[in-house]
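Numbering-wise (this note's numbering), the sequence shown opens with residue 6 and increments by one.
Note that these hints are calculated values from the structure, not bench results. A few of these clues could be false.
[Stated by the list, open to error] Straight-line C-alpha distance at most 30 Å; calculated DSS-like pairs for lysine-lysine: (1) K571 - K665; (2) K275 - K248; (3) K682 - K665; (4) K665 - K600; (5) K389 - K275; (6) K389 - K362; (7) K619 - K600.
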Amino acid sequence: MTNTAFSPKVIQIVKEGPQGPAIGDMRGEWVAGSYKKRSITTHIGALWLALRNTSGVPGTSADWLQLVAPGDPVPQTIAARDAAIAAQAAAETAETNAETAEDGAEVARDEAVEARNDAIQAIVNPAVYYDTLPELNADLAHAAGVMGVVDTGADAGTYRKSGGIGAGSWVKKSDATIASLDIDKVSKADLSSTSDPEKGAGAVGFIAGVTGAVGRPALLKMRDIISMFDVLEPSLAEAIGQKEDTSSDSAVFASAFATLINDLKVRGGKIVFPRGLYMVRQTRMYSNIHLEGEGRENTILRMAADQDGNILLNPFSDAQEISNISIEGITFDGNGVGVLAARSTVDLSFLDGLSVKSCAFTGGTGYGLALQARGSVPAGRQKKIYIEDTWFYGNGAGIPGGEFHDGLDVKDADTLVLIGCEAWDNADKGMDIRGRDVTLIGNVTHDNGAYGLGLGVNGEYRAGDIVVVGHHSHHNGNDGVVVYDGSTGTERLNLDIIGLQTHENAGHGLHLNQAENWRVSLTGGRSWSNTAAGVRVVGFEQLNIANFSISSNQGYGIQTDGGTIKMVGGTIENNTLGPVNVSSRLVAENVQGYKSSANVLMEDAFAVDSTGVKLIDIPHGLPFTPDRGNCTLTLARNTTSPVQDFEVAWMWVVLTDATKVQVQVRVITASAVSGSKCAINLAVRRA
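Make a model of the complete structure from these sequences and hints.
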């Protein structure tokens, strides 16, 4: 069995025999203890050989022989180590002869000294290898003391160079060779090879530290993940890493990137983008490809300024579905390109499985990220979309005379989840999401040119659920949140908005626009200080509001064009145009700042000491005009002049307006008590 042991300075290779190590036992850094003869250790910066079994301290005890002095260079080549082994073998032989042959003791000592010197030279000067002695003799381009090895034939053994460079000869010192130790040679050149798959990483083994792991070449392990720098010239990779402008090499990068994509589209895999600024061109995306950078602040893919396209593209026109794609830790910068049309930074259509994490999309004259599939068949929908912790900003300026666009635009999605994302400074909407079975959690839209968040269905109208939790929308150029795309069909869509914060938008805080057949619930949260209404409603099937605050908006608190809104808890107060534009459409209970019923007792309402028809105005104090049919009148005894000797024929509500209920009463029998009056109790309820 062949063992390899490592120390800070030397790698010792030995062959084990029946009696243990045949040549040397590398013990690493010296520590107090027992050491066998032939042990090798390092101590106080030097390399030591044990001449006999010892527990002495190297440098103090005569049991140790110093092989390398402190500060001497120790090349880490196998050749040097192997030559050192051969030299040590010669030293062993010489020392044994000295111990067993009394008459030849002086000669043996001289041989030991020479062997020691050979060992030192072997360590200091790397050895050279040849198959035959003539090949070795032909190579004199080495300094004196360099060790040489002949691997095969009758001349096999270890040799020492005499004479200066270009002169001298090779003198045989030992019959020991690397071949005799049954060790395969691996040179520095072999390990640094980048062209031979059986060398370099291909010559190194790897086994994972898990139960049941199977060993394989390190080369295959390294190929599990491919870096973009693997296919770029080192100088270009260095410039990218330094975030230099490499626009002039964008074609080179585009070719390398496309080559990787085309290779992986068959077997799938991951491409890693080390930190840097990559000047890119349009690249087609395919299934089972995963792109990963070192964080959106560190890895940036920017469209070269002379290009007119998208950084990544699966064209809508091809109607070709792609699946199982992930992107993480990369900023995609469209760089404002767009000549023939506005260009989205990334445009992927017909997806079945997309994960985007911790990315940024910016600089698109079209959308930042466009997921544009639409249609009435499954292949025309975006399916299983997951986006987390991603930014959309500075997109959508269009081209001269063109339309504005959104930061994130999703059309006709099935199963979309959006968590912890932010959209700002986009020319149109921050986020525009159309689909069903959509979940939005903890997202923020602000300072966009039009709406903060748009929600709709688009394409085939089908039943589904949209849930929005903890959305924050503010300082947008139109509505904070707008819901649109209704249907006159029978399918219904449920929308639950929980914990919405929408404020200081240039339109409405929340706008339900033409949302027929939508069942909407608004729970918790607040809409305040918007330029128009806090909540604007134009068409819906059912709207329930609970514990929601609507305040300080410049329009109505709630402005509705139809239907009945049910509100429980919360507040409606301090809105410039009032709490609601049509009071009969709001059924409110326990809403601070808004009265939905009244019970008014008017003392001295009318005189009963004379007959005739009496006209009484009773102020109701409600924020709406009551329906006459919802008013109930009851005669009550006057507490200051209680009389009973009068008779009333009838009493009814004549009219109602925003401030009062007008009542007529006909007294047919007058009271005998002069100045006597009767009270009326008015009860008003909402329908």
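Outcome of the hint check:
no. : hint        : in the structure
1   : K571 - K665 : holds, 24 Å
2   : K275 - K248 : holds, 23 Å
3   : K682 - K665 : holds, 21 Å
4   : K665 - K600 : holds, 14 Å
5   : K389 - K275 : holds, 20 Å
6   : K389 - K362 : holds, 14 Å
7   : K619 - K600 : holds, 29 Å
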